[in-house]
Amino acid sequence: MIAQINPLGAVISVFFVVSLLSILWWMLHPPVYIPAAAAKARRSLFAVKKILVPTVGLPYAERGVELACRLGDEQGAEILLTYVVEVPRTMPLGIPLPEAEQEGSQALERAGSIVKLHGLPFQKILQRARLAGEEIARIARERDVDMIVLGIRSEPGLRDAILGRTSDIILRHSPCEVVIDKLPKEA
Amino acid sequence: MASEVRAPAAALPGAPVELRRDVSIWGSFTWGYADVGADVYVALGLVMGAAHGAAPLAFLTAGFVYILIGFAYTELASAYPVAGGGQYYCLRGLGDIWGLIAGAALLLDYTIDIALFATASAGYINFFFPSIQSFAVNLGPFEGVNLIWAAESLGLIAFLMVLNIRGIRESSLFNSLIGALDMIMEASIIVLGFLFAWKPEMVVFQFKNEFLSAALFFYAVSVAIISYVGLESISQAAQETRRPATIIPRTSVSLIFVVLLFALAFPVLSLGILPWQAIAERESDPVAALASAIPYVGFLAGKAAAVLGATIVLISANTGVMGASRLTYSMSESHLLSPWFNAVHPKYRTPVRSVVFFSGVAALEAMFSFLSGPKAMDTMVNMYAFGATLAYLLSFIAMIALRIKDPYTPRPYRMPLNVKIKGVYIPVLGIVGAFATLAMLGVVIWTHALGRIAGPGWILLWLGVYLLYRWKNGLPVFKNIKRDWEKDQIAILTSAEEFDLLEQYKLALAERNKKEAKNGAK
Numbered sequence: 001m002i003a004q005i006n007p008l009g010a011v012i013s014v015f016f017v018v019s020l021l022s023i024l025w026w027m028l029h030p031p032v033y034i035p036a037a038a039a040k041a042r043r044s045l046f047a048v049k050k051i052l053v054p055t056v057g058l059p060y061a062e063r064g065v066e067l068a069c070r071l072g073d074e075q076g077a078e079i080l081l082t083y084v085v086e087v088p089r090t091m092p093l094g095i096p097l098p099e100a101e102q103e104g105s106q107a108l109e110r111a112g113s114i115v116k117l118h119g120l121p122f123q124k125i126l127q128r129a130r131l132a133g134e135e136i137a138r139i140a141r142e143r144d145v146d147m148i149v150l151g152i153r154s155e156p157g158l159r160d161a162i163l164g165r166t167s168d169i170i171l172r173h174s175p176c177e178v179v180i181d182k183l184p185k186e187a
Numbered sequence: 001m002a003s004e005v006r007a008p009a010a011a012l013p014g015a016p017v018e019l020r021r022d023v024s025i026w027g028s029f030t031w032g033y034a035d036v037g038a039d040v041y042v043a044l045g046l047v048m049g050a051a052h053g054a055a056p057l058a059f060l061t062a063g064f065v066y067i068l069i070g071f072a073y074t075e076l077a078s079a080y081p082v083a084g085g086g087q088y089y090c091l092r093g094l095g096d097i098w099g100l101i102a103g104a105a106l107l108l109d110y111t112i113d114i115a116l117f118a119t120a121s122a123g124y125i126n127f128f129f130p131s132i133q134s135f136a137v138n139l140g141p142f143e144g145v146n147l148i149w150a151a152e153s154l155g156l157i158a159f160l161m162v163l164n165i166r167g168i169r170e171s172s173l174f175n176s177l178i179g180a181l182d183m184i185m186e187a188s189i190i191v192l193g194f195l196f197a198w199k200p201e202m203v204v205f206q207f208k209n210e211f212l213s214a215a216l217f218f219y220a221v222s223v224a225i226i227s228y229v230g231l232e233s234i235s236q237a238a239q240e241t242r243r244p245a246t247i248i249p250r251t252s253v254s255l256i257f258v259v260l261l262f263a264l265a266f267p268v269l270s271l272g273i274l275p276w277q278a279i280a281e282r283e284s285d286p287v288a289a290l291a292s293a294i295p296y297v298g299f300l301a302g303k304a305a306a307v308l309g310a311t312i313v314l315i316s317a318n319t320g321v322m323g324a325s326r327l328t329y330s331m332s333e334s335h336l337l338s339p340w341f342n343a344v345h346p347k348y349r350t351p352v353r354s355v356v357f358f359s360g361v362a363a364l365e366a367m368f369s370f371l372s373g374p375k376a377m378d379t380m381v382n383m384y385a386f387g388a389t390l391a392y393l394l395s396f397i398a399m400i401a402l403r404i405k406d407p408y409t410p411r412p413y414r415m416p417l418n419v420k421i422k423g424v425y426i427p428v429l430g431i432v433g434a435f436a437t438l439a440m441l442g443v444v445i446w447t448h449a450l451g452r453i454a455g456p457g458w459i460l461l462w463l464g465v466y467l468l469y470r471w472k473n474g475l476p477v478f479k480n481i482k483r484d485w486e487k488d489q490i491a492i493l494t495s496a497e498e499f500d501l502l503e504q505y506k507l508a509l510a511e512r513n514k515k516e517a518k519n520g521a522k
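Here the protein sequences come in this chain order: A and B. Positions 1 to 187 (this note's numbering) are the ones given, in order, by the first sequence. Positions 1 to 522 (this note's numbering) are the ones given, in order, by the second sequence.
Source of the hints: derived by calculation from the structure; they are not laboratory data. Hints should not be assumed to be uniformly reliable.
[Unchecked claim] In silico contact screen, one side only, chain A against chain B (beta carbon under 10 Å); selected entries: (1) TYR33; (2) SER44; (3) VAL178.
[Stated by the list, open to error] Across the chosen pairs, the derived CB separations fall in these ranges: (4) A/ARG141 x B/GLY423: 26 to 34 Å; (5) A/ASP73 x B/ILE490: 23 to 31 Å; (6) A/PRO7 x B/LEU460: 16 to 24 Å.
[What the hints assert, rightly or not] When the alpha-carbon atoms are kept at most 25 Å apart in a straight line, the in silico DSS-like pairs for lysine-lysine are as follows: (7) B/LYS518 x B/LYS506; (8) B/LYS472 x A/LYS40; (9) B/LYS482 x A/LYS49; (10) A/LYS49 x A/LYS185; (11) A/LYS50 x B/LYS487; (12) A/LYS50 x B/LYS472; (13) B/LYS208 x A/LYS49; (14) B/LYS472 x B/LYS405; (15) B/LYS420 x B/LYS506; (16) B/LYS405 x B/LYS303; (17) A/LYS49 x B/LYS347; (18) B/LYS518 x A/LYS50; (19) B/LYS506 x B/LYS487; (20) A/LYS50 x B/LYS422; (21) A/LYS49 x B/LYS515; (22) A/LYS40 x A/LYS124; (23) A/LYS182 x A/LYS50; (24) B/LYS482 x B/LYS420; (25) B/LYS514 x B/LYS487; (26) B/LYS405 x B/LYS482; (27) A/LYS50 x B/LYS420; (28) B/LYS506 x A/LYS40; (29) B/LYS472 x A/LYS49; (30) B/LYS482 x B/LYS506; (31) B/LYS208 x A/LYS40; (32) A/LYS50 x B/LYS479; (33) B/LYS487 x A/LYS124; (34) A/LYS40 x B/LYS514; (35) B/LYS420 x B/LYS518; (36) B/LYS472 x B/LYS482; (37) B/LYS506 x B/LYS479; (38) B/LYS420 x B/LYS405.
Ideal placement from N, C-alpha and C gives every residue a C-beta, glycine not left out.
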């Protein structure tokens with residue numbers, strides 16, 4: 001009986017059976033059911049097409065950039081990297097501040113290199129303002145931003161406040177969703 | 001967890017009675033397989049007779065067009081999971097009259113499917129009762145009418161009608177069981193044949209030396225395309241399939257490849273075991289002839305193939321009843337036909353009037369077949385090819401139109417190879433498919449003398465019914481009824497419990513509205 005088997009016929013038979021079973025197995029294993037509430041939560045993130053990330057060039061802020069990239073990855077969101085140079089009220093707003101601006105440019109450069117790794121479109125915004133928080137909220141309003149991702153320091157600020165002044169202003173005045181990323185002290 | 005399928009909630013009291021979602025993954029697959037499986041079983045002998053040694057090439061050529069059709073239907077059925085199939089896509093993409101024409105073409109196929117395959121099934125049953133096969137009486141001008149066979153066929157049509165009124169769950173269960181059994185039997189014939197009887201040199205010899213003219217080859221291709229008709233059935237049951245937008249792409253793609261595997265394996269196996277003439281001679285039961293030639297199992301093959309033939313063609317007829325009734329349900333819901341057709345049985349939630357009406361039409365066609373002898377069967381086969389190719393051509397055009405007119409509807413499956421022009425993804429393979437089916441329709445008209453008269457005649461008849469209905473009810477006769485497709489799409493996705501797609505759709509519309517508001521403000 002075995003001697004009668006044609007080798008090519010055997011190969012075709014095996015190919016036929018394996019193909020048939022593989023197709024049927026794939027067919028019988030569809031993706032899981034997504035309930036209405038889960039679908040709403042899942043898809044609402046897809047509406048986030050523009051994410052603003054304030055940076056100060058410190059590791060916690062750069063972690064915020066990475067977090068924003070991951071949040072925007074699936075829907076290809078645009079990342080607006082923003083550095084605000086705070087000018088004290090005792091000085092005119094247009095006063096030359098080459099060191100602060102250079103620091104800002106370098107911070108934006110580093111943040112940009114993180115976004116590039118994700119292949120997302122991005123813009124670098126370097127602005128001067130009296131209060132960074134107000135300026136960030138204004139940019140978010142003007143540019144129709146969908147989300148602000150804010151990496152904040154793990155150590156508490158003055159008077160033991162969890163949020164610093166900038167974060168507090170952003171939370172109060174932001175026209176859009178705000179995500180705050182605060183690492184534990186040990187980190 | 002991986003194959004979780006959630007049952008939909010029961011209808012609320014007082015809510016309009018709708019079709020019930022009772023078709024599972026396997027049920028959805030076997031709706032298509034039931035239809036297509038039988039076609040291959042019947043077409044093998046016919047294609048062999050026309051293409052001789054080139055039969056595998058004829059199946060492959062038709063298979064290429066079939067793959068394109070399959071991909072297009074997969075995209076459309078998963079994006080618009082409602083009853084109606086090609087008719088609904090044409091209505092939405094091209095307008096009311098084109099929806100009616102596509103619907104009429106498909107109705108032609110479904111009613112012939114019921115008549116032809118119920119008759120064939122009774123014929124296979126009679127394999128065990130030879131005295132019935134030879135029974136014949138003269139009825140006035142009609143000579144040699146086999147009344148017992150005719151009564152058996154009508155009995156089978158009545159059985160399928162009751163089954164389909166009783167509920168799609170029962171009907172689908174019937175298809176699922178028989179479909180699984182048939183697939184195992186067909187696969188066994190192929191595997192045992194390739195293992196113990198197949199000779200590759202015989203295939204090569206016949207392919208080289210038994211190749212006829214190009215005209216005959218094209219005729220064979222047009223017959224081979226008949227063997228792939230049936231994919232449409234999956235989309236007809238979309239409104240009764242659980243989670244259709246998720247399930248249908250899977251069942252459709254699987255059906256495309258499973259049927260292609262069988263359709264290519266059978267002719268290659270046949271030519272490696274028997275001369276083409278031996279298969280062509282047995283037009284009614286080519287697989288039985290093939291199975292008889294396999295060592296060790298051949299002695300059982302005749303009876304087994306008869307049982308296989310009887311069951312597979314019966315489930316194909318069953319698919320025809322389901323398809324015709326769902327199609328008319330959809331057409332009357334869209335005001336292409338009288339709302340009389342869309343009445344749903346209050347207890348079984350099946351389109352009872354459509355089931356009865358089109359089973360009746362099929363019974364008339366079967367009677368016509370018995371009274372007129374083999375010529376009527378020829379007419380039916382010709383019209384079958386005409387209806388299928390016309391509906392497929394229109395569906396391709398509708399798919400391209402819908403990509404342009406309705407880019408916001410999420411498409412869980414998209415036909416491969418697209419070119420983005422002004423934000424719209426134009427399907428290159430869709431355009432190739434449209435030309436391929438147009439060529440196929442040309443071949444059908446060129447090579448099937450009866451199909452080119454009876455086919456358009458049927459379409460004109462339904463066009464007349466449509467115009468009369470629209471005129472009598474004060475509806476636009478040559479223009480489209482105004483419809484809110486966006487509201488409809490939300491209702492379709494909600495009813496299908498495809499919430500992820502629903503949210504995607506809402507998001508796409510919100511973005512469009514935002515963009516339009518911005519442009520308006522500027």
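Hint check results:
Taking 10 Å as the C-beta contact cut-off toward chain B, the hint placing A/TYR33 at the interface holds, the least distance being around 5 Å. Look at A/SER44: its Cβ gets to within about 8 Å of chain B, closer than 10 Å, so that hint holds up. Interface restraint check for A/VAL178: the shortest CB-CB distance to chain B comes to about 21 Å, outside 10 Å, so the restraint is violated. Separation of A/ARG141 from B/GLY423 is about 28 Å and conforms to the stated range, judged on CB atoms against 26 to 34 Å.
In this structure, A/ASP73 and B/ILE490 meet the distance hint of 23 to 31 Å, their C-beta atoms being roughly 28 Å apart. Look at A/PRO7 against B/LEU460: about 57 Å separates their beta carbons, and that is not inside 16 to 24 Å. With a C-alpha separation of about 18 Å, the suggested pair B/LYS518 and B/LYS506 falls inside the 25 Å cut-off, and the hint holds. Taking the CA atoms of B/LYS472 and A/LYS40, the gap is near 45 Å; set against the 25 Å cutoff, the hint is violated.
In summary, the hint linking B/LYS482 to A/LYS49 is not supported, as the alpha carbons are separated by about 34 Å, beyond the 25 Å threshold. A threshold of 25 Å between alpha carbons decides the hint, and for A/LYS49 with A/LYS185 the separation of about 32 Å lies outside it, so the pair is violated. Proposed proximity of A/LYS50 and B/LYS487 is contradicted: the alpha carbons are some 28 Å apart, above 25 Å. About 55 Å separates the Cα atoms of A/LYS50 and B/LYS472, which puts this hinted pair outside 25 Å; it is violated.
The straight-line distance between the Cα atoms of B/LYS208 and A/LYS49 is roughly 61 Å, outside the 25 Å bound, and the hint therefore fails. At roughly 31 Å between alpha-carbon atoms, B/LYS472 and B/LYS405 are farther apart than 25 Å, so this suggested pair is violated. Only pairs whose Cα atoms come within 25 Å are accepted, and B/LYS420 paired with B/LYS506 is accepted, the gap being roughly 22 Å. Simply put, B/LYS405 and B/LYS303 have alpha-carbon atoms about 54 Å apart, too far for the 25 Å limit, and the pair is violated.
Using a Cα cut-off of 25 Å, the hinted pair A/LYS49 and B/LYS347 is violated, with the two alpha carbons roughly 49 Å apart. Note on B/LYS518 and A/LYS50: the hinted pairing holds, with a Cα-Cα distance of about 16 Å set against a maximum of 25 Å. Restraint check: the Cα-Cα separation between B/LYS506 and B/LYS487 comes to about 10 Å, which is no more than 25 Å; the hinted pair holds. With a C-alpha separation of about 22 Å, the suggested pair A/LYS50 and B/LYS422 falls inside the 25 Å cut-off, and the hint holds.
Restraint check: the Cα-Cα separation between A/LYS49 and B/LYS515 comes to about 13 Å, which is no more than 25 Å; the hinted pair holds. In summary, the hint linking A/LYS40 to A/LYS124 is not supported, as the alpha carbons are separated by about 32 Å, beyond the 25 Å threshold. Under the criterion of a C-alpha separation no larger than 25 Å, the hint pairing A/LYS182 with A/LYS50 is consistent with the structure, at around 22 Å. Proximity of B/LYS482 to B/LYS420 is assessed by CA-CA distance (about 29 Å); at most 25 Å being required, the pair is judged violated.
A distance of roughly 18 Å separates the Cα atoms of B/LYS514 and B/LYS487; the hinted pair therefore holds under the 25 Å criterion. Among the hinted pairs, B/LYS405 with B/LYS482 is consistent with the structure: their alpha-carbon atoms are about 15 Å apart, no more than 25 Å. Proximity of A/LYS50 to B/LYS420 is assessed by CA-CA distance (about 23 Å); at most 25 Å being required, the pair is judged to hold. Between B/LYS506 and A/LYS40, the direct Cα distance comes to roughly 10 Å. Compliance with the 25 Å bound is thereby established for this hinted pair.
For the suggested pair B/LYS472 and A/LYS49, the alpha carbons sit about 51 Å apart, so the restraint of at most 25 Å is broken. A C-alpha spacing of about 21 Å is found between B/LYS482 and B/LYS506, which places the hinted pair at or below 25 Å, so the restraint holds. Simply put, B/LYS208 and A/LYS40 have alpha-carbon atoms about 61 Å apart, too far for the 25 Å limit, and the pair is violated. Using a Cα cut-off of 25 Å, the hinted pair A/LYS50 and B/LYS479 is violated, with the two alpha carbons roughly 43 Å apart.
Taken as a hint, the B/LYS487 and A/LYS124 pair is broken in the structure, with Cα atoms around 41 Å apart against an allowance of 25 Å. Of the pairs offered as hints, the one joining A/LYS40 and B/LYS514 holds, with about 19 Å between alpha carbons and a cut-off of 25 Å not exceeded. As the CA atoms of B/LYS420 and B/LYS518 are separated by approximately 24 Å, the hinted pair is consistent with the 25 Å bound. For the suggested pair B/LYS472 and B/LYS482, the alpha carbons sit about 18 Å apart, so the restraint of at most 25 Å is met.
Pair hint B/LYS506 plus B/LYS479 does not hold up; C-alpha atoms about 29 Å apart against a cutoff of 25 Å. As the CA atoms of B/LYS420 and B/LYS405 are separated by approximately 14 Å, the hinted pair is consistent with the 25 Å bound.
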